[in-house]
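The residues making up each chain are set out below.
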Amino acid sequence: MEPRLTRIALRITTAVVLVLLYVPLVVVGLYAFNGDRSQSWPITNWSTKWFSTAWENQDIRTALANSVKAALAATVLALLLGTCAAFAVARFEFFGRSTVSLVLILPIALPGIVTGIALNSTINELGIDFSLWTIIVGHTTFCIVVVYNNAVARLRRMSPSLVEASQDLGAHGWQTFRYVLLPNLRSALAAGALLAFALSFDEIVVTNFTGGTDQTLPKWIYANLRLPNARPQVNVVALVVIVLSIIPIAIAQRLTHDPTGGRGS
Amino acid sequence: MRRLSSAYTNHPRLKLATLLAAPMAWIVLIYLASLAVLLISAFWTFDTFSATIVKTFSLDNFIELATTDVYRVITLRTIRIAALTTVIDVVIAIPIAYFCARVARPRNRTIILVLLVLPLWTSYLVKIFAWQTMLQTGGLLDYVLPFNVGYSETAVLIVMSYLWLPYVVLPIYGSLERLPGSLLEASADLGAHSRTTFMRVTLPLAVPGIVAGSIFSFALTLGDYIAPSIVGGKTQFIGNVIYDNVGVAGNVPFAAAYAMVPIAVIGVYLALAKRTGAFEAL
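These protein sequence lines map, in sequence, to chains A and B.
If you're matching positions, the first sequence starts at 1 in the numbering used here and goes up one per residue.
If you're matching positions, the second sequence starts at 1001 in the numbering used here and goes up one per residue.
Since the hints were made in silico from the structure, they are not lab data.
Mixed in with the good hints, there may be bad ones.
[Claimed, not checked] Looking from chain A toward chain B, a few residues come up when the C-beta cut is under 8 Å (computed):
#1 Val27
#2 Cys84
#3 Ala85
#4 Phe87
#5 Asp202
All C-beta atoms, glycine included, are put in the ideal place defined by N, C-alpha and C.
Produce the entire structure from the sequences given, and follow the hints as far as they go.
Written out as C-alpha cells, the structure reads:
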C-alpha cells in the first residue's frame, strides 16, 4: 500500500488531468452561445442567435445531410463485412487467420494520411469521380475493424457449447444463427455500429482526400474555421458534432459494459 | 433455405469461404490494392510543365527528399515532435493509469475510464478547433497565462499531447490492472519500500503497456497534418507537405514518396516495440 500522501497526490493528478481533458470541449460549447463575432475571452454577450443562423445555412444543411448519409452507409457496410470477418476468425481455425486480423486493423494502424493518399491515387488512376460514394468507401474501410473488434471479443467470450446445444436440439444453421448467436451478439454489434457511426461522422483526415467537392460536416468546419465571418457558425456546428458523437459512444459503453468501447486494452 | 444451411453444416470450408469472401475482397481489392498503387506511384514523377504524371520508374522523388534541406528539416521536426509528444503523454499517463488500476475503488475506476474514453471518441477535428479557440490572440489561454503560446510548434506539441493522452493511458492501465497483487505483496514482505516496489517491480512489468501506448502517440503524431495546419502557424509536418502536394500542386508521386517516410519510421518503431512484448498489451 502506498503512503497516504502518494495516494492523495495521485488522486489530485488524475482529477486535474481529467478536468483539463474537458476544458477545450466546454470552451467550444460556451462559444456557441457567444453573441459577438469577436472570439476573445471572456464571453460577455450571450445569445443563441447563431444556432438559427447555422440552421438556415444551406451549406451546413447539405454537409450535415452528407455526413449522416456517409455515416449510415459506412456503418451498414462495416456491420455486414465486420460481422462476417469476426465469425470467420472466432469460429474457424485456418491458415492465415492472424493475417486476416492484421489486414483488417491496418486501415487504423497506418496513419490516416497514408490511407487517404492511397485511396486518392487509386480513385484518380481509375478515373472515378470523387463524390459521396468515394467518401463512403473510405469510411467503410476503417469502420470494419471497429465492428470486427466488438464482435470478435463477444464471440470469443461466448461458450461454443451454446451452438452445440442448439445443433443437438435439431436447429439448422440459420435457426442457430437467428435464435442463439444473434441474441447473444446483438449488443456487441449495436456497440460496434454506434462506434463506427461516430468514427465516420467525425472523420476528416481521409475524407479530405476522398471527398472531392462534396462537403461533410467536418470538411465544412475545416474549410471555414479560419474565416472570421463564419466563426460563430463553426462554434455552433462544433458543439453539435460533440453532442452527436458523445451520445452514441455513451450508449455503446453502456451496451458493452466496457468503458473503453473496445479500443485500447 | 434448409438444404442450403445443411450444405453449410456439412462443409465448414464452404461456410468459411463465404464468410471471408466479402470482407477480404473489400480490404484486399480496395485497401491493399490502393496501398500498392501508392507504393508504385512513389516511383513515378510529375512533369511540372505539362502538369502530367510520368509513369516511368525513377528514384527522383526519394533523391529530392533526401537532398533538399527543407524536407530534411520537416522530417526531423515531425519525428522530434512525435517523440516529445510520446514522452509527455507517458509521463502524464503513468500516474493516472496507476491510480486507476491500483488505488481507486472499483466504482471510481469505471467513472475514470468512462471520463477518459469519452473525449477519445469525440471529434478529433473539433478538439483541435477548440484548442485554436483557446490559443488565438485574446483567447482563453492568452487571457489566463502570462505569456502567449500562439500558433506555434509548442502549440502543436500541446495539442498532440492532449489528443493522444487517453490512447496512452488505456494500455498502461491494462498492463497495471493485470499485474498480480501477490507480486507487489511479496515485494513489500521482502522489505521493499513502496517506491522501490514501484520502480523495480511495477514499472518494469508495465513496460509492454507503456510501449503499446507510445505506439499510438508516436504513430498518430507522425501522420498528422490537421493539427499543424490549424494551430501550428508556419510549422509544417510531413503530412502538410503530402496534403499540399496532392491538393494544391497535384504532384501525387512526390506525395506518395514522402508518405513512405512515416510508414518506414513507424515500421522501425513497431519492430523495436515488438521485442518488448507490447503487441500483447495492445
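Run the structure past the numbered hints and jot down the numbers of the failing ones, going up. none
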